[in-house]
Amino acid sequence: MAVRRSVLVALALYQSYMGLAETSGNPTHYGDPKTGCEADEQAVRVQGLAGDFCSPKCSSSGSCPSDVPTGDTATPMCALRTTTGDKYCALRCQADSDCGTGACQKIMGIGLCTYTASTLISTVPAVTAKVDVSTNPTHYGDPKTGCEADEQAVRVQGLAGDFCSPKC
0 MAVRRSVLVA LALYQSYMGL AETSGNPTHY GDPKTGCEAD EQAVRVQGLA
50 GDFCSPKCSS SGSCPSDVPT GDTATPMCAL RTTTGDKYCA LRCQADSDCG
100 TGACQKIMGI GLCTYTASTL ISTVPAVTAK VDVSTNPTHY GDPKTGCEAD
150 EQAVRVQGLA GDFCSPKC
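Quick note on numbering that gives the first Met the number 0: the sequence shown kicks off at 0 and runs consecutively.
Calculated directly from the structure, the hints in this document are not laboratory data.
Since we're looking at a predicted model, the values are computed, not measured.
For each residue, glycine too, the CB sits at the ideal point set by N, CA and C.
Take the hints with a grain of salt, since some may be wrong.
Simulated DEER-style distance windows between Cβ atoms [unchecked claim]: (1) K166 / S58: 36 to 42 Å; (2) D39 / V153: 30 to 36 Å; (3) G47 / A94: 15 to 21 Å; (4) T69 / M107: 24 to 30 Å; (5) D66 / P165: 16 to 22 Å; (6) I106 / P165: 17 to 23 Å.
Sequences and hints are given; from them, build the entire structure.
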């Protein structure tokens, strides 16, 4: 049985406020809102983390667009849920190197790629939502589905793949 973790986030619905609703400076999904989000995205801020990112809605099957910014190796996943039940995608990361020009910021063991937030964004009202990510019910699971609170994702040089591991 999977464990669910919830983290409060703020969906900053400020695309139209910034005049970016129909334009895009980002050639892919999950880009920096300062240069504009895709037409099917919203700019997102996670409460408790510095930064923001563009986020598309999840499909009805829970999948997310796979086109990520150049240099990103993070995994797109359906991880955000608004108070009205809308679900949005985010790039799940383990380290800054997964996020290209962004940063991997962790909250409750969940890493999300973010970009330095614009000062304009802080003046825009936000809608409260939750991050819902199924996590492994035991130690040593797959980091793609989340590590336990006392674990970190580990990659062993010379081996393919990674796993969750608690500190010794």
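So, going through the hints one by one against the coordinates:
Our hint of 36 to 42 Å for K166 and S58 holds, since their Cβ atoms are close to 37 Å apart. Look at D39 against V153: about 35 Å separates their beta carbons, and that is inside 30 to 36 Å. In this structure the supplied range 15 to 21 Å holds for G47 paired with A94, their Cβ-Cβ distance being about 19 Å. In this structure, T69 and M107 meet the distance hint of 24 to 30 Å, their C-beta atoms being roughly 29 Å apart.
Taking 16 to 22 Å as the suggested C-beta distance range, the pair D66 and P165 does not conform, at roughly 35 Å. Take I106 and P165: their Cβ atoms lie about 19 Å apart, and the range 17 to 23 Å holds.
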